[in-house]
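Asks: The residues making up each chain are set out below.
Protein chains: 4
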Amino acid sequence: MIVIMKHGATKEQVEKVIDRVKKEGMDVHLSEGKEQTIIGLVGDTKKMLDVPFKSYDGVENTVRITSTYKLSSREFHPSDTVVDVDGVKIGGNEEFVTMAGPCSIEGREQIMECARIAKEGGAKILRGGAFKPRTSPYAFQGLGEEGLIYIREAADAYGLKVITEVMDEANLPLVAKYTDILQIGARNMQNFKLLQAVGKTNVPVALKRGISGTIDEWLNAAEYVVSEGNQRVIFVERGIRTYETATRNTFDLSAVPLIQKLSHFPIIVDPSHGVGIWDLVSPMALAGVAAGASGMIVEIHPEPSKAWSDGQQSLNEKRYKNMMAQIDVLTKAMKDVKKIQAEI
Amino acid sequence: MIVIMKHGATKEQVEKVIDRVKKEGMDVHLSEGKEQTIIGLVGDTKKMLDVPFKSYDGVENTVRITSTYKLSSREFHPSDTVVDVDGVKIGGNEEFVTMAGPCSIEGREQIMECARIAKEGGAKILRGGAFKPRTSPYAFQGLGEEGLIYIREAADAYGLKVITEVMDEANLPLVAKYTDILQIGARNMQNFKLLQAVGKTNVPVALKRGISGTIDEWLNAAEYVVSEGNQRVIFVERGIRTYETATRNTFDLSAVPLIQKLSHFPIIVDPSHGVGIWDLVSPMALAGVAAGASGMIVEIHPEPSKAWSDGQQSLNEKRYKNMMAQIDVLTKAMKDVKKIQAEI
Amino acid sequence: MIVIMKHGATKEQVEKVIDRVKKEGMDVHLSEGKEQTIIGLVGDTKKMLDVPFKSYDGVENTVRITSTYKLSSREFHPSDTVVDVDGVKIGGNEEFVTMAGPCSIEGREQIMECARIAKEGGAKILRGGAFKPRTSPYAFQGLGEEGLIYIREAADAYGLKVITEVMDEANLPLVAKYTDILQIGARNMQNFKLLQAVGKTNVPVALKRGISGTIDEWLNAAEYVVSEGNQRVIFVERGIRTYETATRNTFDLSAVPLIQKLSHFPIIVDPSHGVGIWDLVSPMALAGVAAGASGMIVEIHPEPSKAWSDGQQSLNEKRYKNMMAQIDVLTKAMKDVKKIQAEI
Amino acid sequence: MIVIMKHGATKEQVEKVIDRVKKEGMDVHLSEGKEQTIIGLVGDTKKMLDVPFKSYDGVENTVRITSTYKLSSREFHPSDTVVDVDGVKIGGNEEFVTMAGPCSIEGREQIMECARIAKEGGAKILRGGAFKPRTSPYAFQGLGEEGLIYIREAADAYGLKVITEVMDEANLPLVAKYTDILQIGARNMQNFKLLQAVGKTNVPVALKRGISGTIDEWLNAAEYVVSEGNQRVIFVERGIRTYETATRNTFDLSAVPLIQKLSHFPIIVDPSHGVGIWDLVSPMALAGVAAGASGMIVEIHPEPSKAWSDGQQSLNEKRYKNMMAQIDVLTKAMKDVKKIQAEI
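Chains as they are written, first to last, in numbering that gives the first Met the number 0: chain A, 0 to 343; chain B, 0 to 343; chain C, 0 to 343; chain D, 0 to 343.
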């Protein structure tokens, strides 16, 4: 951490800052420029995080130069972590993994049909919500446990794994009983109590980026999970909130190489929420593959116009299978691309 | 709700949409323009919210024209709701209410000193966090119940009420035991399970706007509380996340008259988080008064440079009291201003 | 400027950075921490602005610690600059100045009527656009010189000054002939050629904040004007683009005290564009007064529903005069408020 | 266009709106729901764009349902426009075209070396700025005509075309003399006078998306060019401004399929500005290919650490050539992908 003094800060003011730093058991490196004095903190600056240096007289600004997350960082764990979901491997140089299914589980028949389509298209994991976070209290909130029973049954029938959202600590044991991956939704990225709770399970956690989550906050959210002992985190880029309203969100694909640079955990993409318009989903899924994602999660529905939620961003059977055929071509090409990348 | 068909949509496509609408027991008003056909839905369109019309062939767009919140709306309850916090009245034509205190409760002595300052400056309610939502799991997370005991004691000693944050359903009974107002933090504005839980209590709820919460989402979040039976909601504008980094958040004061137009519940402002820099807090507090807010919540600390969190946006005793003297002048002037407003 | 080396950067990498700094005639202060080495640059770091230190191996980040604007900075010119517009003084402890008028000049009669209303309400300056920047090429683009003639005539008839927008260098001499203040619109905040051109005139410049302009960019935009010799800049906060669509823009009132802290030039507010909805204009104008602005610019129209542009955010005569009466009360109170502020 | 009346609007209020519509020579379709009355406008609603219906009593909202751009729309011109830059074809099913070069032209030798690298890597067009829009007036502003002479010479020496930025109308004839494509920078996307000026030339125009430009504004900006007669527009996605600071901008790749859906003009991507960090450029360029872009513009430099601007996002020779080899693999695969896309 660096403390930047104001132009014209007095010696006394500089001393007060230094005193505080030393009181915390750290050393300083003083850099007295013509324009400004800069105080560099030497030692484990994590304990200085909460010191409000900006409230000291004469202080202009502070700059944090080390990250606050550690266990999630690439520095801490240089090689890629591969998250093994009961045999389906996500991350590293493993295959591109597709998770497909409806937004909401609407009934036994619907999820069974989704499982068939997902499987035939090449997905390994079945998605579907039983507990749905909805903006309005009057919108459909999900089938609850009934939905969990159906999705488990459907996944098992077609040899798929299950991913579904857990919204609160109270329902965690219930959801964990039926699912292979616990999804933390965008609205809960900084629901720290929930993060700690899933961190205490041994179920893989798919951590969606918050609606306006920064890369730094997202990595720190993962740290909440990992610091409780759960070493199986999967980042999910699902678009962020910006001024642009032509798409549901702004799909930030640069998060893929950036997270890979900063963390050892895998990252997958969610083009359905990323754009929110079904005919943009397929090109964005392809872009996700090319950006280097380890997989994707995509919304499909036997009949999107009858979906109870997110119908406008869901692919029907024909479109989904066509997209998967495209992705197949691209993932093969990416193997050659990665060889070239490795040459540098 | 309105469904807008694409230029060149076929009769058949129009019919399919109409069929769906009628199947849900509603009527349509058809408007066939030269350029586009528009289908207006007539009846209680709330049940149409989840119908994915955009996934129908030939549909260009849909427009929601009624709000999804009802109990929180001004239309439902035309007169101002005054939230009575054990005698301290917030909203309507009542006095401008100040809630002051530290970001975190750091100990018995600190919160007692804060209570003294708050009271002397004219605040009616003491704020202070015992459970702190922190970006990093390694940052100070609050004193927990110990903190709750201290703040209750301090408030009682100085004849103040207490506002403190509840972060999860599990700790709700504990927090509710000590506080007069339950604060829902910005990160939890769409923690729907928590909203429902506080909605089942009879404790007033201060609902902070989400970090990137829209006005519409915020009103719907209130609806989650109110629809469970709790009729005492206070909106808190605390700044939103934008591209601007010169301030901690962008303090959206237009939310004050806008919420007052759309809802009957009171709205107060949080200039400390709104700007995040102590020397901008005072002018923004004044601006909040002038915008018509029913009160404010502000961070103070006996010695900001020693605060465990948010020190850079906290006011010391002298600055706080000076600000309160300014606010006193302004709130008096606002009485005359409101008389002029009423003339129109 | 500070260059922060990566954890584990080699001595050689550090040397390369230092060499470059020294080659530019500057000195360094080296701070070798356990975790990271930090290189502080000593001297006039302005020339280092374009050095891409981040492209050097081993460099993690760079931090700019001095502003790039100088002549516009409060540091350079500690006392308030009062911009004198032919006798109407804006800034410092002068009166709160109102500029009122229509979005577009629509004809001789309309602007004459606006001038009457503006004057009677207490405005000192008449606004009105003759050249209009419009999103669509098919929208009304303004009356051009005809409009300039009308607004000048109307202002003179009522003893008002004129403010109007200049959109390009080619029309600058024409616009300058008729106006007392040159307005640079939000879309042109970084039209550097235009900024330089108005900087060469001796006409006061009202510089609107860009649609997504940062405080830093805005101050640098002013520097473009001032560095050409024109010392009369007025900042205009008019709202910024955010994710929120309930208002036209997000009105960032914190810009008022922030600009006052960083620059000596006055800042006024534009509540009409800030919110874009007429019934929010009045409370936001009051908030602007309380935040400490030196004035405001507001859209009025004899009959808003017949306005050719911006009708939905324009005030009619009755509402405008009512607002001005409110503002009158508040500006008086602010004199007392400022006395209290001065006590600290 | 649709006008939505408030719940409880009177018959008289509805009549006033209808009168206005009819006065403009249009018809209405009235839809009287239980909750709200909706007035659909029938005819060429473009003339209604400026009518401030929201300022009419009883009006809740208006919804625009037709776009304001026409000549740029896919509806107007269903097939892809291929922009032919003196033999280099951009758009439709043509090859993926790369434009490479330095941010700034720094001298004859530097741009000559860049041209060699660009050509060897497979680029067809040489980029380089002679007039640079810089945030600070004290930063390097470009070599001006000297730079234009050098880039033309370098491009000709290696059989490349030239793209360079034009910042103002005054320099347009000069820039047009040397370049094959006129670049409109992000800050000038809504410099309408400049758009009209380049629209009067017959030189292809590369129109960068504004720093916070919406898709709709961007298409309207193109309309400014096209409506003046210039039918050769190339959209350039270069990232937008959001709250995220981990990257220079947020690279919005969904703009690629979205613009292709709404317009017939080609769109290319600028991964260098999109992310601003050199090691993310290559994966984002690949993602651009997969998203279906017609080409890209990328910053290269013989020695990025010595670049006068944008060094941190420039690729050196080795990295650029490695990226181009990857892109080569991907563009080949995309031919097969497009065949599969065409099957649906």
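Be a bit skeptical, because a hint or two may be false.
[What the hints assert, rightly or not] Calculated lysine to any residue pairs in the SDA-like style (CA-CA distance at most 20 Å, straight line):
(1) D:Lys305 x C:Val13
(2) B:Lys5 x D:Asp278
(3) C:Lys22 x D:Lys305
(4) B:Lys5 x D:Lys69
(5) C:Lys53 x D:Asp278
[To be verified] One side only, chain B facing chain C, incomplete, derived with CB under 10 Å:
(6) His6
(7) Gly7
(8) Ile17
(9) Asp49
(10) Tyr137
(11) Gln140
(12) Gly291
(13) Arg318
(14) Ile339
(15) Glu342
Hints were generated in silico from the structure; no laboratory data involved.
For each residue, glycine too, the CB sits at the ideal point set by N, CA and C.
Asks: Take the hints in turn and mark each one as holding or not.
Replies: We went through each hint and held it up to the structure:
1. D:Lys305 x C:Val13: Status holds; Cα separation ~16 Å.
2. B:Lys5 x D:Asp278: 43 Å, violated
3. C:Lys22 x D:Lys305: 12 Å, holds
4. B:Lys5 x D:Lys69: 15 Å, holds
5. C:Lys53 x D:Asp278: Measuring from Cα to Cα gives roughly 11 Å; hence the hint holds.
6. His6: 18 Å, violated
7. Gly7: 22 Å, violated
8. Ile17: 29 Å, violated
9. Asp49: This hint is violated: Asp49 of chain B lies away from chain C, its Cβ roughly 22 Å from the closest one there, beyond 10 Å.
10. Tyr137: 15 Å, violated
11. Gln140: 24 Å, violated
12. Gly291: Cβ of Gly291 of chain B sits 5 Å from chain C, so the hint holds.
13. Arg318: 6 Å, holds
14. Ile339: Since the shortest Cβ distance to chain C is 5 Å, the answer is holds.
15. Glu342: Holds - the Cβ of Glu342 of chain B comes within 10 Å of chain C, reaching about 6 Å at its closest.
The structure fails to meet hints 2, 6, 7, 8, 9, 10, 11 from the earlier list, while all remaining hints are met.
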